[in-house]
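Here is what each chain is made of, one letter per residue.
There are 2 protein chains.
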Amino acid sequence: MNDKHEKVLDDPKESVRAALRCPRGEVDVTSFPSDATPLFPGSGSNDGEKELKELRPRLDDLQERLYANSKQPRARSLLMVLQGMDGSGKGGTIRHVVGMVDPQGVRLHAFKAPTEEELAHDFLWRIRRELPEPGQLGIFDRSQYEDVLIGRVNKLARAEEIEARYGQINDFEAEVTTRGTRVVKFFLNVSKKEQKQRFLDRINDPEKYYKYNPGDLVSRSHWDAYMEAYGVALTRCNPDYAPWYVIPADKKWYRNWAITTILIEELEAMGMTWPPADFDLQAERLRVAQC
Amino acid sequence: MNDKHEKVLDDPKESVRAALRCPRGEVDVTSFPSDATPLFPGSGSNDGEKELKELRPRLDDLQERLYANSKQPRARSLLMVLQGMDGSGKGGTIRHVVGMVDPQGVRLHAFKAPTEEELAHDFLWRIRRELPEPGQLGIFDRSQYEDVLIGRVNKLARAEEIEARYGQINDFEAEVTTRGTRVVKFFLNVSKKEQKQRFLDRINDPEKYYKYNPGDLVSRSHWDAYMEAYGVALTRCNPDYAPWYVIPADKKWYRNWAITTILIEELEAMGMTWPPADFDLQAERLRVAQC
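These protein sequence lines map, in sequence, to chains P and E.
Heads up, the first sequence is in this note's numbering, so the first residue is 54 and it goes up one at a time.
Heads up, the second sequence is in this note's numbering, so the first residue is 54 and it goes up one at a time.
Heads up, a few of these hints could be off.
Copies of the same chain look alike in the list, so a pair counts if it fits in one copy or across any two.
[Said to hold, decoys possible] No farther apart than 27 Å at their CA atoms in a straight line, the calculated lysine-lysine pairs in the DSS-like style are these: (1) Lys264 / Lys245; (2) Lys246 / Lys264; (3) Lys261 / Lys124; (4) Lys124 / Lys106; (5) Lys106 / Lys208; (6) Lys124 / Lys103; (7) Lys261 / Lys106; (8) Lys106 / Lys245.
Bear in mind the hints are in silico, worked out from the structure with no lab data behind them.
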């Protein structure tokens with residue numbers, strides 16, 4: 054462990070959670086910087102990989118504790134919601150951050166355009182089916198918020214229906230929290246300029262063609278409407294029990310470091326210890342020794 | 054990339070696949086060494102982590118190609134079946150080997166004792182539901198083979214029913230293969246002595262209590278019956294289209310290195326290239342530039 058990080062994590066004023074927590078009240082997402090690097094302990098991109106690597110043992114240990122406790126009464130889980138425009142780095146976050154922990158404790162789901170079966174149910178039906186089990190680190194690549202983002206921008210439902218969803222999402226997240234799942238939401242705040250560069254990178258590299266989708270330009274053409282929709286979602290669905298973090302996402306190395314640090318802080322706040330033996334230690338030592 | 058590995062992988066006589074491939078015909082699993090380290094390029098445990106790390110970029114690249122091709126016609130997938138006694142290292146393999154690749158392309162399932170719903174169906178019903186999608190790396194932590202292992206040892210079904218399962222498994226694996234999934238099966242061959250040591254390690258370390266299950270001693274007490282059951286399964290269900298590999302598993306570092314190398318060899322044998330653009334490159338460059 055490294056002293057700089059101990060300090061960042063131990064002093065609440067300097068916690069990355071505090072620095073990147075979306076403030077309560079009216080939110081204008083365009084007012085947040087997309088290229089800042091608050092509290093990053095290194096001196097820039099060259100240190101990004103090094104600083105991330107130093108966090109790995111800590112995240113790994115905390116995730117294993119979460120998993121180890123899965124059969125304990127009132128076992129917890131953590132659900133990480135990733136939202137952001139195309140190219141904002143949801144996939145990269147999964148690859149580089151979630152990729153640091155044991156796959157056995159991970160439950161990941163990427164929500165695509167809803168199927169006919171999904172559309173036949175209320176919008177939270179498909180979400181509920183993918184919630185993490187006790188002990189798991191759950192990751193939603195897109196989520197219930199799509200129904201107040203693309204849903205709102207493209208008018209995929211009646212205005213009153215969309216209006217009702219904010220309250221339904223709050224109730225849903227409260228219910229999930231009560232059942233032991235900490236819900237932590239990340240808005241990956243990429244600039245319109247950086248998004249364009251990432252699309253060009255995908256078109257210009259044969260190893261990235263598969264990530265390029267011409268349809269992404271349609272969402273881009275509604276950029277301002279999306280920013281407005283994100284603003285409403287972050288204003289109305291940002292309770293203490295399910296906070297939004299606004300991650301400056303123009304620099305991939307900062308995004309990875311900040312999200313990892315917040316996950317560590319969130320898991321540390323759970324105060325998890327290793328579970329006690331659920332068997333008789335002396336008796337089992339003897340049994341194993343004799344067999 | 055490193056020259057030693059290029060050589061190992063390019064010379065079929067020296068491939069790890071060839072060295073650890075379970076031979077065709079009557080198999081006695083007790084005749085295989087559990088502590089050997091065939092073809093390991095380093096000089097022992099000190100080099101285990103280093104050699105594994107050197108393989109990572111290659112596995113990572115191949116897995117991403119598999120994933121990148123998921124929407125291509127006749128997209129492939131790879132299913133990795135992990136079988137072995139308790140403590141043989143199935144979980145460790147997932148943590149250290151599968152943990153090297155992007156979680157987005159992974160589909161993992163651990164099969165436990167069947168539920169009532171599962172028991173109400175034929176034994177392959179629950180297996181089919183967990184097969185990897187096109188482009189995915191699937192991992193079965195235990196599998197259809199439990200029904201001819203614990204099923205046989207504990208007489209969980211009538212003898213004729215268990216007898217019929219070997220053919221049903223072969224038919225099932227042939228069908229899955231025909232649909233584009235390469236099935237690769239690993240028997241983690243741990244010695245009875247090493248298993249005992251691992252149980253003791255779990256009992257003696259509070260961070261490992263959660264991995265210890267007193268019931269594992271019951272399976273241990275039927276060790277010879279399990280070895281016989283593995284022998285029958287590896288004899289009767291070992292076709293070219295779904296090979297068994299017998300992994301010496303007493304040394305964790307060798308197990309990780311050998312399985313990673315075999316996965317690399319298997320993925321390389323698929324000959325995957327990056328998929329072509331499914332859009333008009335020039336037109337999209339222009340569209341992005343202008344938006």
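A quick look at each hint next to the structure:
In this homomeric assembly, lysine 264 and lysine 245 come within 27 Å of each other (Cα to Cα) only inside a single copy, at 18 Å, whereas the closest approach across copies is 48 Å. When the C-alpha separation of lysine 246 and lysine 264 is checked against a cutoff of 27 Å, the pair qualifies only within one copy, where the shortest distance is 18 Å, while the shortest distance between copies is 49 Å. Taking CA atoms no more than 27 Å apart as the test, lysine 261 paired with lysine 124 passes between copies only; the shortest distance there is 14 Å, against 41 Å inside one copy. For the identical chains of this complex, lysine 124 and lysine 106 are neighbours neither inside a copy (30 Å) nor across copies (33 Å), given an alpha-carbon limit of 27 Å.
For a Cα distance limit of 27 Å, the shortest separation of lysine 106 from lysine 208 qualifies neither inside one copy, at 43 Å, nor across copies, at 49 Å. In the homo-oligomer, the alpha carbons of lysine 124 and lysine 103 never lie at most 27 Å apart, since the shortest distance is 35 Å inside one protomer and 35 Å across protomers. With identical chains, the CA atoms of lysine 261 and lysine 106 are at most 27 Å apart both within one copy (25 Å) and between copies (24 Å). For the homomeric pair lysine 106 and lysine 245, neither the shortest alpha-carbon distance inside one copy (29 Å) nor that between copies (37 Å) is at most 27 Å.
Violated hints for the displayed structure, listed by number in ascending order: 4, 5, 6, 8.
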